[in-house]
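Colleague: Chain by chain, the residues:
Number of protein chains: 2
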Amino acid sequence: MKQDYLNIALLEAKKSAQAGEIPVGAVLVSATGEIIAKSGNQCEATHDPTAHAEVLVIREAAKKLGSVRLNECDLYVTLEPCAMCAAAISFARIKRLYFGAYDPKGGGVDHGGQFFNQPTCHHAPEVYGGMDEKNCGDLLKEFFIQRR
Amino acid sequence: MKQDYLNIALLEAKKSAQAGEIPVGAVLVSATGEIIAKSGNQCEATHDPTAHAEVLVIREAAKKLGSVRLNECDLYVTLEPCAMCAAAISFARIKRLYFGAYDPKGGGVDHGGQFFNQPTCHHAPEVYGGMDEKNCGDLLKEFFIQRR
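In the order they appear, the protein sequences are chains L and P.
If you use our numbering, the first sequence closes out at 148, no skipped numbers anywhere.
If you use our numbering, the second sequence closes out at 148, no skipped numbers anywhere.
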């Protein structure tokens, strides 16, 4: 079930790759298991440096539910969120975070400032990292090899 | 001149307070000194947990200029940006960051994960912090006292 949601996030990531975007995808799931929002990265298409997949699904879900807080929701994302997305996840009060591959170069959960471990972080989700290092990581590696 | 831009950000923050939003305001300025975008915090009005003043002006400016990169632009904000906004500032390649008051509880520049000092940060602006601790800090303090 968890892998199913991550696979849907992976499909979103692949769509982003086809559109020339860095291939990261995210799915936001309600307490009852319903998918509230799914998206890939859209920075280039929208000319928005904050349009990471995680931010886009949080924005869409918060709008749909009419609340800045998504207390009982879980987020599935193909890559370890960056500092921006980690903080957005915290502000939205996401319950659980599942991610596919670790990101030593840009991650903000297990790398860099490790936002959820800071005293300035006032809500941290449960975190389940590295769920599918092979598929999620390879998609990114292939994308950057092709762009070189 | 710098204080003039910060005063405009402060006016945006005051508008946010009047609308029941946490009073933080931001102004984005081009290399020639033109104000490209200004905004206060709009999280409640838009049901968007990422709608901090900094993120809103970056989004608006990037859209106007048709680029995710705002290389020669400077950002003025009344409060030390959080981790989310610090990362957004980095992604947008903002040149200089000026902020009014430090934020020990939620800041991400001089507090918490100090994003710009992390190896996962690939662009850091020049930072000029604590420009107007009294006016910018007092506005926030008054707001939270009134809400208690």
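No lab work stands behind these hints: they were computed from the structure.
Don't take every hint at face value.
Since copy identity is lost for identical chains, a pair holds within one copy or between any two.
[What the hints assert, rightly or not] Under the rule of at most 16 Å between Cα atoms (straight-line distance), these lysine to aspartate or glutamate pairs were calculated in the EDC-like manner: (1) 63 - 44; (2) 64 - 34; (3) 64 - 44; (4) 105 - 72; (5) 2 - 126; (6) 63 - 133; (7) 14 - 72.
Colleague: If a hint holds in the structure, say so; if it does not, say that too.
Modeller: Status of the hints after comparison with the structure:
1. 63 - 44: This pair counts as between: shortest inter-copy Cα distance 11 Å, intra-copy 22 Å.
2. 64 - 34: within (13 Å within a copy, 36 Å between copies)
3. 64 - 44: between (24 Å within a copy, 14 Å between copies)
4. 105 - 72: neither (30 Å within a copy, 25 Å between copies)
5. 2 - 126: Within one copy only: 14 Å inside a chain, 42 Å across chains, cut-off 16 Å.
6. 63 - 133: Answer is neither: 31 Å inside a copy and 34 Å across each miss the 16 Å cutoff.
7. 14 - 72: Neither: 27 Å inside a copy, 33 Å across copies.
When held up to the earlier numbered hints, the structure conflicts with 4, 6, 7 and fits the remainder.
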